[in-house]
Amino acid sequence: MTLTIDVAMIGPSGAGKTSLLASMYSEFAKVTAATKVVLAPKDATTSVELSRYRAELAAIGRQLVVREVGIAGTRAFRQHTFSLRDVDHDKGSHIDIRFSDYPGGWLTDPHTAHQAELEKMLKSSDIMMIAIDTPAMIAEDGRFHHELNAPQLVRDIVQDWLTDQRRLLMLVPLKCEAWAGDEGAARELCGVVQKEYNDLIAIVTARDTHPAVVISPVQTVGSLIFDSFQVDDDTTITRFRGRKPRDQFDPKWTAEPVRLVIAHALRRQQSSRGLFKVLTDYLTGEGHHLRIALDKLSKQALGPSMEVD
Amino acid sequence: MDRQERIDKVLGKRSEAANQLAQVLQNARSVRESIVELAREAVSAASHGGADTQFAAGQLRESAAEVVNSLDAEIARCARLHARLSRPTLSVGAVGRARTGKSRYLQSLTGLSRQQIPDSDGGFCTGVTSVIRPGPTIAATVSFRTEAEFRAMLEPYYTELGLGPVPPVSGIVRPMALPPDGDPQRAEKWRHLVGYIDALESHRHLLGAPPRSIDPAELSLWVTQTDGNGAPLSAHRFVDKVDITAPFASAMSGISVVDLPGMGDTNLTDIPRMLAAVQDDVDVVILLRRPDPVGDDWMAPDIELYRRISDALPGFPMSQRAFILLNKTREPDNARRVEAFANTAASRPMAVADVLIADASDPSEVARTFDIVLDHLVSAAESMDAELVDSVMQSLASVFDRVTSLVSLGHEITGTAADATPQAASRTVALTAQAREAMAVALETYLELLRRARHDPDEPLGDAIRAVVAAARADKGMPTAEAVDALIAVRGGLPIAYGQLLNEARSHLARHFVSLEGALETSVREMKERLALSLAKDGRLTALANGSGAEWLVSLANELGVALGSKSTVRDGLTILAGAKLTYRGFLQHRIRPLLDGLNPNNPLYPMEPGVPYSASDVRNMVEATYDNALGRVDRMLREEFLSEPSQAVFALVEEFVDRILRSRGAESQWNTAYLQFKNRIWPEEWATLTSDMADVQRWRAAVAHFETDLREAQRALGTEGRVA
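From first to last, the protein sequence lines are chains A and B. For the first sequence, my numbering gives the first residue as 1, with consecutive numbering after it. For the second sequence, my numbering gives the first residue as 1, with consecutive numbering after it.
Everything labelled a hint here was simulated from the structure, so no lab data went into it. There could be a bad hint or two in this list.
Unchecked claim - Label-pair distances were calculated between CB atoms; the ranges are: (1) B/G611 <-> A/K30: 23 to 29 Å; (2) A/A206 <-> B/G611: 55 to 61 Å; (3) B/A652 <-> A/Q159: 46 to 52 Å; (4) B/S664 <-> A/D199: 49 to 55 Å; (5) B/V612 <-> A/A206: 49 to 55 Å; (6) B/T445 <-> A/D199: 38 to 44 Å; (7) B/L449 <-> A/D199: 34 to 40 Å; (8) A/F77 <-> B/K476: 36 to 42 Å; (9) B/T583 <-> A/A206: 55 to 61 Å; (10) B/E526 <-> A/K123: 54 to 60 Å.
What the hints assert, rightly or not - Just a sample of chain A residues kept apart from chain B, beta carbon distances all over 12 Å, derived: (11) V31; (12) D43; (13) T45; (14) A59; (15) L122; (16) R155; (17) D160; (18) V192; (19) D199.
If you're wondering where the values come from, they're calculated on a predicted model, not measured in any experiment. We put the beta carbon where it would ideally sit given N, CA and C, even for glycine.
Turn these sequences into a full structure, and let the hints guide you.
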C-alpha cells in the first residue's frame with residue numbers, strides 16, 4: 001500500500017524550483033543520516049533528470065564569474081515523486097511525496113493545454129509551496145518582484161485553493177544566498193517575505209480554519225551570490241558571482257521543506273477524514289516503524305524556517 | 001587667322017564689352033540719381049522723428065554726398081572706357097616733337113601727299129589732331145570747337161598770365177601788353193594768347209559750326225600754323241580735329257592712325273589736348289625721334305614727353321603699349337646716331353614694347369614697322385581690354401558696396417520717422433508690454449513643463465547609458481591568462497600583480513563613462529535652443545541676434561549690452577545660461593568613483609586570503625568578477641538615480657534663468673529700455689501706419705524703395721548682389 005502526499009509547487013520560471021528538488025534529493029540523505037528514514041526517487045526518470053541537473057548546478061556553483069545565465073528551467077508541467085521509507089523495513093507499503101512543478105508560464109498564460117485538469121489537481125493538493133525568486137523580491141528595492149513573482153496572481157491562486165481544512169502553505173525564498181548568509185540573516189529574510197506577502201497571509205489567516213503558513217528559505221547553490229541585474233534592451237539577466245575562487249557547491253537548508261511536509265502530514269493524521277485517515281491507519285498499523293522515525297525527524301529543524309500565525 | 005580676321009575679332013569683342021558697359025553705366029547713373037533723391041528727401045522725412053532720426057538723416061546726406069562723388073568719378077571712368085570700346089577702329093597714335101619726321105612717316109604709311117599731311121620741312125607745323133582711316137578714296141572732314149572748348153583752351157593762358165577767369169567769347173578782348181623787359185616765357189605765352197584773340201574776330205563763325213567736308217588739297221589751310229610763304233594761318237585754332245580717309249599702302253580696315261600735334265616747347269595748350277586724345281582715342285602709341293647726325297643724344301624733352309604720355313595712359317605700362325621709332329635718314333646720313341640711340345634707349349627711363357628703325361620717307365620700311373606695331377596691338381588688345389573692363393567694374397562694385405551703408409541708414413530713418421509723435425510713444429509702450437508678456441508666458445510655460453518632467457528619465461541619456469554599459473560589458477580590457485602569468489613574473493608576486501590589474505580594470509571601466517558627457521550636453525543644448533526660440537519668437541527678438549541656441553543667446557546678450565550696459569541682470573542671465581554645461585567631471589564623476597571601490601587594491605571585493613594557493617586564472621577571474629560587479633553597481637546607479645538628474649539640472653538652470661531675466665528687481669525696466677532702444681528693428685512694420693498720412697514720409701518711402709531697387713539691379717548686373725562691404 002502506498003500513500004501519496006501531493007505538494008503543488010508554484011513560482012516563476014527560473015525561480016529555482018527544479019534546482020531545489022535536485023539539491024533536496026541529494027542533501028536529504030546527509031541530514032537524515034542519523035534517522036532511519038530515506039528519501040528516494042520513485043522512478044528512474046526523476047532520478048536521472050535530477051542527478052544530471054544537480055551535476056550542472058554543482059559545476060556552475062564552482063564558478064567565480066558566472067557566464068551562463070542559469071540552467072534552463074522547467075517549461076512543461078512535471079511531477080517528481082519521492083518515496084519515504086524506513087531503511088530497516090523497506091518491504092511493503094510506504095509514503096510517497098509527489099511534487100507537482102507547475103510551469104511558471106502557466107501561471108500567467110490561461111491557454112495552456114490541460115488547464116482545467118491542472119487547476120483541479122492544484123486545488124486538491126493539501127500542500128502548496130510558493131517558490132519565491134529572492135533577488136527579484138529584494139534587489140533594487142524589489143524592482144522585478146511584481147514582474148517575476150507576480151504576488152497578486154499568487155494570491156488569487158491561493159485564494160482559490162483555500163478550503164476549510166487545515167492545509168499547509170509554504171513560502172520558499174530561493175537563491176537567497178546574498179541576503180541569508182547565516183541563520184540569523186535568514187530569519188530576517190523571513191520577516192521580509194512576511195511583509196512582502198502580507199496581503200496573501202492576511203487573506204489566508206482570516207479564515208476560521210486556515211492553513212498553516214510557513215516561510216522556509218533555501219540556499220540552492222550556496223556558493224553563488226546575487227551580483228546585479230543586467231538590464232538590456234528587452235531582457236533582464238540576473239547576474240551572480242562566486243563568494244571566492246573555486247568555492248564548493250554547497251546548498252543549505254534544502255531538506256527543511258521536506259521536514260515541514262512530513263511534520264504537517266503527521267499533525268494532520270489526527271484528522272479522521274480523507275487522505276489523512278488512511279495515513280493514520282497506515283502509521284498506526286504496518287507503518288509503525290516509519291512513524292517513529294518520522295516523528296523523530298519532524299522534531300529536528302533542518303533550516304531556519306518560521307511559522308506565521 | 002590672318003591679321004584682318006584678328007582685327008575684326010578684337011573689334012567684335014569690344015563691341016560686346018561696350019554693350020555690357022552701357023548697361024552698367026545706365027545702372028550706375030540710376031543709382032546716382034536715386035541717391036541724390038534719397039539725400040533730398042531725408043531731411044523733411046526726418047522732421048517728425050526725434051534727435052536720433054535727424055542725426056541719421058544728417059549722416060545719410062553726408063554719406064550720400066561722398067558716395068556720389070566717388071560714383072561720379074567711376075561713372076566718368078566707365079564712360080571713357082565705353083567710348084573707347086565703342087570706337088570702330090583699333091587705333092595707333094603717332095607723336096613726336098617738331099621735325100622728327102612724323103608727318104613723313106604718316107605720308108609714307110597712308111600714301112597721302114604733303115598737302116594732305118603737311119610736314120615741317122616746308123616750314124609747316126601741325127596744330128590739329130588728325131584721324132586717318134583706310135578708305136577707297138581720299139576725303140577729309142573738319143570738326144570745329146565749340147565756344148566752351150575754345151574758352152577752355154584759353155584758360156591756362158589766362159591763369160598763367162594772371163588775367164582772371166575767361167569771359168564769354170563775345171567779351172574776350174586783347175589783354176594789355178606786358179612790360180618789354182619781363183620774363184621771356186611769359187612774353188611767349190602772351191604772344192600765343194594774343195594770336196588766338198586776334199584771330200577770333202575773323203573766325204568766330206567757325207565756333208560751334210557743323211563739321212565740314214573739304215577738298216583734301218586745302219587741308220593744310222585748316223591745320224597748319226603758316227602758309228607756304230611763311231604767313232601765319234589762324235583757322236587751325238578753331239579746328240577740333242580732322243577726319244581723313246585714304247587708301248593705305250597695305251589694304252586693311254578697322255584701323256585708324258591718330259596724328260597728334262607736334263609739341264611746341266612753350267605751347268601750353270598742346271599738351272593737355274594731346275594727352276586727352278591719347279587717353280581716349282589711342283590703343284598704342286609710336287614715339288618718333290630723328291637723331292641728329294652730329295652730337296645728338298636722348299634729351300630731357302624726350303624723357304618728359306615719354307613721362308607725360310605715360311601719365312596719360314594709366315592702367316597699362318608703356319612697355320606694353322608704346323614703341324619708339326627712330327627715323328633713319330639718308331640725307332643727312334644719321335645711321336650711326338640711330339644705332340647709338342637704339343642701343344641706349346633701354347638704359348633711359350623709357351620702357352617700351354620695342355625700338356624700331358625706319359626711314360620715314362620709305363613706304364616699304366614704314367609698312368614693315370607698322371606691321372610690327374599692328375601685330376603687337378592685335379595680340380595684346382584682347383587681354384588689355386578685358387583687364388580695363390574688369391578694373392572699372394570692380395571699382396564700381398566696391399563703390400556700390402559702400403552704398404549699401406545708406407540702406408541701413410535709410411531704414412533707420414523710416415523706422416524712426418514717427419518717433420516724435422505722441423502716437424509712437426504709446427504704441428511702443430503697448431508693443432513692449434505685449435512682447436514682454438508673450439515672452440513671460442512662453443518662459444513660464446516651458447518652466448512648468450520642465451518642473452513636471454523633472455523627475456522623468458532623460459530618454460537620450462538613457463539610450464546613451466545603455467550603449468555605454470553595453471560597451472563596458474563587451475570591452476572589459478581583461479588580460480589573457482598568459483598575460484597575467486607574465487605580469488606575475490614581472491611584478492614579482494601574485495598580490496602585487498592582482499593590485500595592478502585591479503587598478504587597470506578600474507581605470508578602464510571609468511574611461512567608458514566619460515563618453516556620457518555627449519549625452520549630458522544634448523539635453524542642455526536642446527534646452528538652450530528651445531529658450532532661444534522662445535525669446536526670438538515670443539519675445540520678438542529675432543532681429544537682434546544671429547545663429548541658434550547658445551550662440552544666439554550670446555549674440556543677444558551682446559546686443560542688449562549696448563542698450564543696458566554691463567551690469568544688467570537680463571544680460572547676465574543670458575550670458576550665464578549660454579555658458580551653462582553639464583560635464584562628466586562636474587556632474588557624474590563623483591557619483592561613479594565610489595562605486596568602483598571594489599576595484600581598489602586596498603579594499604578589494606575579493607581580498608586574497610592567506611594560505612590559499614591562488615592561480616593566475618583565479619586572479620584574472622577575481623578581477624573580472626569585480627569589474628562586472630562594479631559595472632553592475634554603476635549601471636544601477638545611472639539607471640535608478642541618475643537618469644532624471646539632467647532633467648532636474650536643466651530645470652534648475654531654466655528656473656534661475658527665468659528668475660534673473662523676468663523676476664529679478666529691475667528686470668522689467670531693463671526690458672522696457674531694450675525694447676525702446678531696438679523698437680525699429682523689432683517692429684519695423686509697425687511704424688508705417690503712424691506715418692501713413694505724412695506726405696513727406698510717403699515720398700521718402702518711395703525714394704528708399706526706388707534706391708533699393710536701383711542698387712539691387714546695378715549689383716545684380718555686376719554679380720555682387722547681396723554683398724556687404
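Does the structure break any of the earlier hints, and which numbers would those be? No numbers; nothing is violated.
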